[in-house]
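> Make a model of the complete structure from these sequences and hints.
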Amino acid sequence: MYTIPQRILGEALLQSAYEHPDKTAVLIKDLSYSYRQLNTQAHAMATHLVNSGITKEDRVAIYMNNTWECIVSIYGTTMAGAAFLIINPQTKPDKLLYILNDSGAKVLVSEHQLRNDFLQILHDTPHLREVIVTGQPDSINPFPNIRMTGFENLISANSEQSSQLPSVIPNDLAALIYTSGSTGFPKGVMMTHQSMVFASWSLIQYLRLRDSDRIIVLSPFAFDYGLYQLIMAITIGGAIIVEQSFTFQKTIYNLIDQHQPTVFPGVPTIYAMMIATYKKAPFSLNCIEKITNTAAALPAEFIPDLKK
27 MYTIPQRILG EALLQSAYEH PDKTAVLIKD LSYSYRQLNT QAHAMATHLV
77 NSGITKEDRV AIYMNNTWEC IVSIYGTTMA GAAFLIINPQ TKPDKLLYIL
127 NDSGAKVLVS EHQLRNDFLQ ILHDTPHLRE VIVTGQPDSI NPFPNIRMTG
177 FENLISANSE QSSQLPSVIP NDLAALIYTS GSTGFPKGVM MTHQSMVFAS
227 WSLIQYLRLR DSDRIIVLSP FAFDYGLYQL IMAITIGGAI IVEQSFTFQK
277 TIYNLIDQHQ PTVFPGVPTI YAMMIATYKK APFSLNCIEK ITNTAAALPA
327 EFIPDLKK
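Numbering of the sequence shown is given in our numbering, commencing with residue 27 and proceeding in unit increments.
Take the hints with a grain of salt, since some may be wrong.
Pairs of lysine-lysine, DSSO-like flavour, derived with a Cα cap of 27 Å [as the list claims (entries may be wrong)]: (1) Lys-276 - Lys-213; (2) Lys-82 - Lys-121; (3) Lys-316 - Lys-305; (4) Lys-306 - Lys-316; (5) Lys-82 - Lys-49; (6) Lys-305 - Lys-276; (7) Lys-316 - Lys-334; (8) Lys-213 - Lys-306; (9) Lys-213 - Lys-121; (10) Lys-55 - Lys-276; (11) Lys-306 - Lys-276; (12) Lys-305 - Lys-333; (13) Lys-316 - Lys-55; (14) Lys-82 - Lys-55; (15) Lys-334 - Lys-305; (16) Lys-306 - Lys-333.
Everything labelled a hint here was simulated from the structure, so no lab data went into it.
Structure (structure tokens):
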């Protein structure tokens with residue numbers, strides 16, 4: 027059973043990696059990653075950031091899908107004492123530019139397949155020093171004042187390095203969570219380590235989560251509901267099953283059958299689609315013990331169907 031941590035986000039990962047290093051932490055499609063792997067790669071990312079001049083509470087923007095590299099970047103940024111902000115990969119270039127400049131991000135972590143979007147705006151980002159990109163960074167023409175670094179090369183080069191990482195206190199800034207901007211420009215909500223640890227533990231205690239739980243996440247990590255599923259899973263020493271969205275229902279049901287999640291966080295539209303599909307062709311979700319909901323109230327008529 028997990029023990030109550032700690033004061034900062036990264037400590038939960040360190041504890042889990044120490045107590046059960048070979049236990050599965052992350053499941054993405056057919057790939058599984060252990061706590062040892064997550065801790066090692068996050069530490070490599072943190073080492074690179076610190077050696078590159080990133081200091082406490084500097085902003086690191088993560089413009090990615092729900093991927094292994096995204097998770098490594100979140101915890102690597104935390105270990106470096108910097109503050110992460112996750113930008114939905116569907117964000118258009120003009121809004122991406124606004125968020126980067128509003129946050130003062132010094133590092134952008136992204137994916138090769140998103141290069142056409144972020145390359146459009148790099149010339150107008152005065153705070154940005156480095157872009158870390160998965161895939162093939164050498165094919166991207168660098169800007170004079172911005173260093174281009176390959177994610178895979180970064181991890182490989184720093185995995186064996188031992189670097190003194192900064193000390194972080196509970197009141198330090200951990201993250202900026204940007205609003206959708208539906209009523210104007212997005213606004214960055216400042217989250218300290220203390221507030222995020224408290225929020226995650228409140229949810230863990232309320233839901234009575236255990237270290238044997240497996241949480242499936244369908245929401246983007248840029249959405250606080252999706253992000254907290256990850257934080258809770260790592261905090262309890264459980265596992266997170268990662269998917270990009272609920273677009274392809276059959277894929278999701280196959281994923282559930284394969285990885286057997288015990289916790290299913292969703293929104294009413296997802297549950298409506300599941301119920302409609304079940305009525306046409308029943309399927310088993312017996313592994314799921316807890317369902318949570320956000321975005322809007324769950325219609326009362328859904329409850330009997332979901333209990334089936």
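> Does each hint fit the structure? Answer for all of them.
Hint check:
no., hint, verdict
1, Lys-276 - Lys-213, "violated, 36 Å"
2, Lys-82 - Lys-121, "holds, 26 Å"
3, Lys-316 - Lys-305, "holds, 21 Å"
4, Lys-306 - Lys-316, "holds, 23 Å"
5, Lys-82 - Lys-49, "violated, 30 Å"
6, Lys-305 - Lys-276, "holds, 15 Å"
7, Lys-316 - Lys-334, "holds, 13 Å"
8, Lys-213 - Lys-306, "violated, 42 Å"
9, Lys-213 - Lys-121, "holds, 11 Å"
10, Lys-55 - Lys-276, "holds, 13 Å"
11, Lys-306 - Lys-276, "holds, 13 Å"
12, Lys-305 - Lys-333, "holds, 13 Å"
13, Lys-316 - Lys-55, "holds, 22 Å"
14, Lys-82 - Lys-55, "violated, 34 Å"
15, Lys-334 - Lys-305, "holds, 11 Å"
16, Lys-306 - Lys-333, "holds, 17 Å"
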